[in-house]
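**Student:** Residues per chain are reported as follows:
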Amino acid sequence: MRERRSGMAERRETEPLVIRLNEVNPLPKYMQIVEQVRTLAAEGKLTPGMQLPSVRQLATDLGINVNTVLTAYHALETEEIILLRHGSRAVIHPRLTRRAAPQENDVAHIRTLLGRVRTDALLRGLSLARLQELAAEVFRPSDDQPQETRPPQERN
Amino acid sequence: MLRTFPIALDAVLLVITVTLGWLMPALTRRDLLFGVTVAPDARAQPAGQAIIRRYRVQLLGVAVLFALTLALLAVFAPDSWWANGWSSLLVLALLLVMAVPYLLAYFASRALHVAPPEGEAAAPAAELRPRRYGDYVPLFWEALPLAIIAATAIYRAISYAAAPAIIPVHFDAAGNPNRYAAKSIGSYFVLVWVQLGLEVLLTGVALLTVGAKALPGRAESRFRRAWLRYLFGLKALTLAFMGALAAVIANAAQTGSASVGVVLPLTLVYVVIVLGGAIALALRTGQGGARLGSPAETAIDRMDDRYWKLGGIYVNPQDPSLLVERRFGVGWTLNFGNRWAVIALCGLLVVAALSPILVSLLAR
Chain G
1 MRERRSGMAE RRETEPLVIR LNEVNPLPKY MQIVEQVRTL AAEGKLTPGM QLPSVRQLAT
61 DLGINVNTVL TAYHALETEE IILLRHGSRA VIHPRLTRRA APQENDVAHI RTLLGRVRTD
121 ALLRGLSLAR LQELAAEVFR PSDDQPQETR PPQERN
Chain X
1 MLRTFPIALD AVLLVITVTL GWLMPALTRR DLLFGVTVAP DARAQPAGQA IIRRYRVQLL
61 GVAVLFALTL ALLAVFAPDS WWANGWSSLL VLALLLVMAV PYLLAYFASR ALHVAPPEGE
121 AAAPAAELRP RRYGDYVPLF WEALPLAIIA ATAIYRAISY AAAPAIIPVH FDAAGNPNRY
181 AAKSIGSYFV LVWVQLGLEV LLTGVALLTV GAKALPGRAE SRFRRAWLRY LFGLKALTLA
241 FMGALAAVIA NAAQTGSASV GVVLPLTLVY VVIVLGGAIA LALRTGQGGA RLGSPAETAI
301 DRMDDRYWKL GGIYVNPQDP SLLVERRFGV GWTLNFGNRW AVIALCGLLV VAALSPILVS
361 LLAR
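As you go down the protein sequences, you meet chains G and X in turn. Here the working numbering is used: the first residue of the first sequence is 1, the next is one more, and so on. Here the working numbering is used: the first residue of the second sequence is 1, the next is one more, and so on.
Treat the hints loosely; a few may be bogus.
Label-pair distances were calculated between CB atoms; the ranges are [to be verified]:
id: 1; chain 1: G; residue 1: R124; chain 2: X; residue 2: I343; range: 44 to 54 Å
id: 2; chain 1: X; residue 1: S360; chain 2: G; residue 2: R56; range: 31 to 41 Å
id: 3; chain 1: G; residue 1: H74; chain 2: X; residue 2: A247; range: 53 to 63 Å
id: 4; chain 1: G; residue 1: T119; chain 2: X; residue 2: I343; range: 45 to 55 Å
id: 5; chain 1: G; residue 1: P26; chain 2: X; residue 2: I273; range: 51 to 61 Å
id: 6; chain 1: X; residue 1: A123; chain 2: G; residue 2: L123; range: 26 to 36 Å
Honestly, the hints are just simulated from the structure, not real lab data. Quantities reported herein were computed from a predicted structural model and do not represent experimental measurements. Heads up, the beta-carbon is just placed ideally off N, CA and C, and yes, glycines get one too.
Sequences are here, hints too, so could you generate the full structure?
**Tutor:** Written out as structure tokens, the structure reads:
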């Protein structure tokens, strides 16, 4: 039992999943938490069923109000990223699984979002070339990201 | 004999306290000097070294002063002075006077203060994994302190019937009983009740420590594990020590005097193990795991200096933490800006003040 326990501790040590709050970031603190948990879940670093820290522990470590973390957790629950059960810790939603291939409406949704980003960037005075640079930086694939399978209609 | 034990105890405490004070600047996180945020290499720079050198010279001066006071008292103070326990005030006075070199070093270190890079000052970070007591101390270990309490209770229960109707409950420094009580469940099992109280108190402290504010980093996690295991060892050792006392007192009820020849060395050994163990572990881990991992594995303490009064007292009403890592010292300290932390401290002080009264009530 001890070996299993220390093995668990070692495994945790090798995979530190850290979230950071930044005063310079225009997003409110709860949204910074939401975005970072979403990103970690999307990258497969937070897997279904994985436990998250309690609201009090995360608030203590980040030095922020307990209600801020609670708001973030509720927002993540609404998006079905996490599951909150009364009296137990928050867990990554068991149904949060990466699809084998994106559906047509998923592609349309992402295209709409990217269009909004393009408009926002132009309104803020960014050139398209600068935006493409930023996009290349943000969308740089990481080693631990699984490759997406494109549906047949997207391959042409 | 009356004065030998308190003199020896005071001498041991003096040596251990001054040793810890001497080592402390080398144990804290590399970006902290006497509670002030400094450049990570400040301790190696001439200005930082000069502050540490001055602090240690002053600390040695304090140690010599107290050693002389202890020697004078050992020669000239009457036995009654030692028997009444006044010597424990000496250790308290030592701790107060030791604050002077620290405060001088703190004010000198403020000249070396550096603000963290823009944007990083208020960039708290947290590891996204739950912390549980069982991650640090295997839960089955907890059977040991419970077994010690059970063994003490069983031992007392077996000897209950044979014990006289009036039993000694308090002894002077020579081991002669100076207070008696009628035998009852309350008086005969008083040390078991104290053991149970300590079990609850120290387990509570351990659970609060698990929930204390953590900076992300492997070194911090190892540091927390090492000190929670030390706390567990302290609990088991203290309970075993009380069990041994229970055996000595049971014997005293039969013979009429406690075996001072066993109790006094036992107490000294207990103090040396507990405090010596703390020093050895502090040397191994450093504060926050500063000596356990590479700089990359040790997170930078980004808490703002303005919340640290005199470099050592954390007061931040916006922070929900009850416990935060000490800046000068090894372990954790209270957030005095959190009302629950203040209430917990007051509760602890009330329990500490009332426990002798409670024990004497039980021993009636």
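**Student:** If a hint holds in the structure, say so; if it does not, say that too.
**Tutor:** So, going through the hints one by one against the coordinates:
The supplied range of 44 to 54 Å is met by R124 of chain G and I343 of chain X, whose beta-carbon atoms lie about 49 Å from each other. Under the hint 31 to 41 Å, the C-beta atoms of S360 of chain X and R56 of chain G, about 38 Å apart, fit the expected range. The hint said 53 to 63 Å for the Cβ distance between H74 of chain G and A247 of chain X, and at roughly 57 Å that hint holds. About 53 Å separates the C-beta atoms of T119 of chain G and I343 of chain X, a value consistent with the hinted range of 45 to 55 Å.
For P26 of chain G paired with I273 of chain X, a C-beta distance near 55 Å keeps the hint of 51 to 61 Å intact. Between A123 of chain X and L123 of chain G the CB atoms are about 28 Å apart, so this pair conforms to the stated range of 26 to 36 Å.
In the structure shown, no violation is registered for any of the earlier numbered hints.
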